[in-house]
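All chains, full assembly: derive it from the sequences and hints.
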Amino acid sequence: MANESFTLIVVPDRQSEVRRFRLRRVWLIQALVGLGVVLLTTAGLVVHYGSVVSEARENPALRDENLKLKSEIAVIREQLAHVQGTLDRVERFDQKLRAITLLSDPQRNLAMGPTEAAPTLGSSDNQFVRSTGQESPAALAAKLDKLSAEATRQEQSLQELQAYFAGQKSLLASVPSVWPTRGWVTSDFGSRVDPYTSERVMHAGIDIAGPHGKEIIAPSDGTVVFSGLEGGYGNVIVIDHGYGIKTRYGHLASLKVKAGERVKRGDLIAAMGNTGRSTGPHLHYEVRVNGIAQNPRKFILDD
Amino acid sequence: MWGRYENGALREFASLPRRIGLRNLRAVSKTAGVRLKALSAGLTDVGRKRSHNEDSYLIDDELQLFVVADGMGGHAGGGTASRIAVETIDKELRGVRSSPTSPFKAETALQDSPLPDFLRAAVEKACFEIYRAAQEDPRLAGMGTTVISLCIQHEHALFAHVGDSRAYLVRGELIQQISEDHSLVNEQIKAGMITPDEARHSRYKNIITRSVGFEEEVQVDVMGIMLEANDTFVLCSDGLANLVEDKEIRDIVGSTELKDTPKKLVDLANERGGDDNITVICVRIVPA
Chain Z
0 MANESFTLIV VPDRQSEVRR FRLRRVWLIQ ALVGLGVVLL TTAGLVVHYG SVVSEARENP
60 ALRDENLKLK SEIAVIREQL AHVQGTLDRV ERFDQKLRAI TLLSDPQRNL AMGPTEAAPT
120 LGSSDNQFVR STGQESPAAL AAKLDKLSAE ATRQEQSLQE LQAYFAGQKS LLASVPSVWP
180 TRGWVTSDFG SRVDPYTSER VMHAGIDIAG PHGKEIIAPS DGTVVFSGLE GGYGNVIVID
240 HGYGIKTRYG HLASLKVKAG ERVKRGDLIA AMGNTGRSTG PHLHYEVRVN GIAQNPRKFI
300 LDD
Chain R
0 MWGRYENGAL REFASLPRRI GLRNLRAVSK TAGVRLKALS AGLTDVGRKR SHNEDSYLID
60 DELQLFVVAD GMGGHAGGGT ASRIAVETID KELRGVRSSP TSPFKAETAL QDSPLPDFLR
120 AAVEKACFEI YRAAQEDPRL AGMGTTVISL CIQHEHALFA HVGDSRAYLV RGELIQQISE
180 DHSLVNEQIK AGMITPDEAR HSRYKNIITR SVGFEEEVQV DVMGIMLEAN DTFVLCSDGL
240 ANLVEDKEIR DIVGSTELKD TPKKLVDLAN ERGGDDNITV ICVRIVPA
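Going down the list, the protein sequences come from chains Z and R.
Under numbering that gives the first Met the number 0, the residue at position 223 of the first sequence is numbered 222, and the numbers go up by one with no gaps.
Under numbering that gives the first Met the number 0, the residue at position 208 of the second sequence is numbered 207, and the numbers go up by one with no gaps.
No lab work stands behind these hints: they were computed from the structure.
Backbone N, C-alpha and C fix where the C-beta goes; we use that ideal spot for every residue, glycine too.
Accuracy of the hints is not assured; some may be wrong.
Beyond 12 Å from chain R on every Cβ pair, some chain Z residues (computed) [unchecked claim]:
1) 4
2) 6
3) 39
4) 63
5) 149
6) 192
Not everything, but these chain Z residues come out facing chain R in the computed CB check (under 10 Å) [what the hints assert, rightly or not]:
7) 223
8) 233
9) 243
10) 253
11) 272
12) 275
13) 289
Dropping the structure here:
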């Protein structure tokens, strides 16, 4: 049986000789099987091609959608950063307000930390870090949760403060919460190099430079307790605001108020000058709480 | 030249030279054209606890100069130092006034007044004199004194200050300490180490950080303010300031005749123990 064979005879029309092919049965079966495999593979490929073609037709739509979603996420991320920034500012404001409420308590006041924004590590080269691009939506959601928790906390804190301040109108009026004059801050509170001796000394106030004669206003309500000359301060005014707060204004060109006068926030008290131990027209502005010099910026809310 | 004081009974100092000592009331009209004048009264008292009075004071109506000095150091040194201080300051300023370019005549704005520099120089001269006297006599070694001095000129009140004697301005409801104490407790307050309340009971409250004559040179604070009619200045040693509150001084000044005010303040300090010498000068500015 295995050796069975067929003979295929090809008979031409004319004089050519008859050709005869002898085919073994096994060959025939092998050929048939081979043909079957090829057919099946082709059919499979055709079906797959069909599906790929239909998928490819969906692709541009998906791409568009993807782009849209990406830009939406970028917007949300931006908004999140904005909210974070706002919350940070609210937090600092809150701390300042709290600083004011602690005025009457020197012990706690001494222990109080800075109210300036803490510098974030490596924030300066943020633009070279693609961290924001790799954040997953899950991380975004976590951030959002954190922010909303923080916002709730802030709200509570501010409500507490509001309740506190409702009964403290006179305290609010007494806190030197605005700039006594506008100008360039040429020397801040804290350790500095003395312009005369070049030694490192404590600078008990802030220096605000401006044109000679520039107006200086009372930053809050109080009583003028000194208006005159005092050694290195030159012409100086001292205002007692109550609650243990005193402000001093040094190097003045002229004194517009006298000791014993009551002043309100915004009242003109003096003109900027260069009297005393001074190297150019500026205001030396000091805030002392219970006799202790404090950073005046701590009380200024309108920055 | 100061040797004649060294063994003297210091309590008698009040009866020493003409212009130094107890005066109860002085009216001085100022130079023509100025509408204010100064009345003054002063008193010094040994207190209840001390055997010597080491305070000295000066009322010089011609110069309109008022000085309180609180001496310290040794058995005789304190009184000697304070006496040299008031005498030297007076002598120096009299010399300045009689010079052809007297700063007492100049009418200037407060900030341009030349007088503060002369006041400062007078205290520095006193410092040098006390130091020299202490070098010459070992029994006086280490003596020194506080100085608070007030000079009224035209419409200005000018102060020179070293140590913890005080100058107060009483103007209506206001009482303000013009001088800043050069004392250890004041430095502690400024550094936030103690509260003003704790300072009042500190056992270091008698330690001063600057004094006239303890060293050859001293840093002198000068201050100046514009006068108003009815201002009252109170110059006093710490014997008063430690025992009587600022507000009490204001109330007594406001309710007592000028000539009786020093006595009343001294009596109040004595009632509360009088644990140091007490010296008070009150100067009232009135329309001429």
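Going through the hints against the structure:
| no. | hint | result |
| --- | --- | --- |
| 1 | 4 | holds, 119 Å |
| 2 | 6 | holds, 123 Å |
| 3 | 39 | holds, 94 Å |
| 4 | 63 | holds, 66 Å |
| 5 | 149 | holds, 33 Å |
| 6 | 192 | holds, 21 Å |
| 7 | 223 | holds, 9 Å |
| 8 | 233 | holds, 7 Å |
| 9 | 243 | holds, 9 Å |
| 10 | 253 | holds, 9 Å |
| 11 | 272 | holds, 9 Å |
| 12 | 275 | holds, 9 Å |
| 13 | 289 | holds, 7 Å |
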